[in-house]
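Asker: Since the structure of chain R is already known, use the hints to place chain Z on it.
These are the residues of each chain, in order.
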Amino acid sequence: MRTLLRFFQKYSDLLLFLLLEIIAITLIVQSSHYQRSRLIDLNRQVTGYIYSKVDGAREYFSLKEVNQRLADENMELRNRLDLISGSLDTATVTRELRGEHHYFFVPSRVVHNSIYKQYNYLTLDKGKKQGVFRDMGVISDGGLVGIVLESSANFATVIPVINRDFRLSAKIKSNNYAGILQWEGDSPLFAVLTEIPFHVTLAEGDTILTSGFSSIFPEGIEVGTIESFSLERGNFYDIRVSLFTDFQRLYHVNVIRNYRQEEQLNLENQNR
Amino acid sequence: MYIITRNIVRFLVVVLFQVLVMDNVMINGYMVPYIYLLFILLMPFETPRWLQLLAGFALGLTMDLFSNTLGMHIAATVLAAFARSYMLDLLAPRDGFEPDSFPRIHYYGFLWFLKYTLVIIFIHHLALFYLEVFQLKEFLSTLFRVILSSMLSASTIVLSQYFVFRK
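First to last, the protein sequences are chains R and Z. Residue 169 in this note's numbering is what sits at position 169 of the first sequence, and the numbering runs on without skipping anything. Residue 95 in this note's numbering is what sits at position 95 of the second sequence, and the numbering runs on without skipping anything.
Just chain R, same shape as in the assembly:
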């Protein structure tokens, strides 16, 4: 007994060290990244608050640039409006106004952003109160950004494309073949499109769009262009996609609310 006590006394620091490391490793292994970030809702409230306070300063400094981008976007939208206004008839317009439309956008601000990690997350300043719930899509003026992971009253956490857990169905614009878009953790500028079979003809510079299969995103949101492709792993291409969204200066984003998401999911679950 005494030797046992002496043993504990002698190695108490080592034992404490091992204990703490075991706690840490358990925390890492036990929960997936997905579940883990759902656990820390309190943390989201606190850190979201701190980040949004500090963000005021950042917002002020980037006002000029943001203005410019908004003006550009306005211009482009106005041009597009001119193009289509001729072909619109009033009947469709009134139907849109009666609330039959499919998607609704919640503009929000990125208050925290990480891009150099393997599992990056964004924090937005809109939450349940503003109608942002989990599994909603997020886009910027450039293109696809990510998917809402979880939201609290006033903040939401987003899994961006540049997170190793991110998966989304995306297609090639020129031939409509759909594959899985994911990220390999190397550079925030590029993602990878997999599961495109080898017989498809590809060209560098082809545009990649969202496929609309998932009910999270409408079809045709721009993702990026093909940077290069290879056939190293057998029957499927590894396509390197240069992303349109510049995650390093992401600031204003839109959360997409799909009014028919629930209906689509219910139907799909019934048939499963």
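Keep in mind that the hints were calculated from the coordinates and are not lab data. Any given hint could be a false lead.
Take a look, some chain Z residues computed to stay more than 12 Å from chain R by CB distance [claimed, not checked]:
(1) 1
(2) 5
(3) 6
(4) 11
(5) 31
(6) 78
(7) 97
(8) 103
(9) 156
To spell it out: a stretch of chain R is covered by chain Z in this simulated footprint if at least three of its residues, at any positions, have a beta carbon under 8 Å from a beta carbon of chain Z; those stretches are [unchecked claim]:
(10) 6-19
(11) 114-120
Idealized CB from N, CA, C, for every residue including glycine.
Answerer: Leaving out everything else, chain Z in the frame of chain R:
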């Protein structure tokens, strides 16, 4: 008492500086300066080992909460805190550290501090980056990131000794 308050304040300053400033700094997509270990590095020599470990745990947990990575920073920081006591034994002068002195450039010189910082930072980054990737597939590219980030973190910490955390 004074020393305890000072260390608590340092803990807060280091965490906020890391989260609000350093996490926004990124060079080339590879290198991130992690300066929060400064808190572990600057703890007094007489701190008992168990307290160093628990402080490492608390620091790691705080960083984890801010970066949505439960466990990774804890594991790496506790390891760094554990390594620190051995590193100090190795680096001790022949007749031990002077009483009323701290592990700082001011007391033991630039080279001593650089050696001390580099080794502990390297151990910390090695653990953190490999835990983050959690596979050996990208062994070499991760090692590359570990080495570059270690150098960046260590030089930021050493520089901070001349400007921010001078006392």
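Asker: If you test the structure against every hint from before, which numbers come out violated?
Answerer: Failing hints, ascending: 5, 6.
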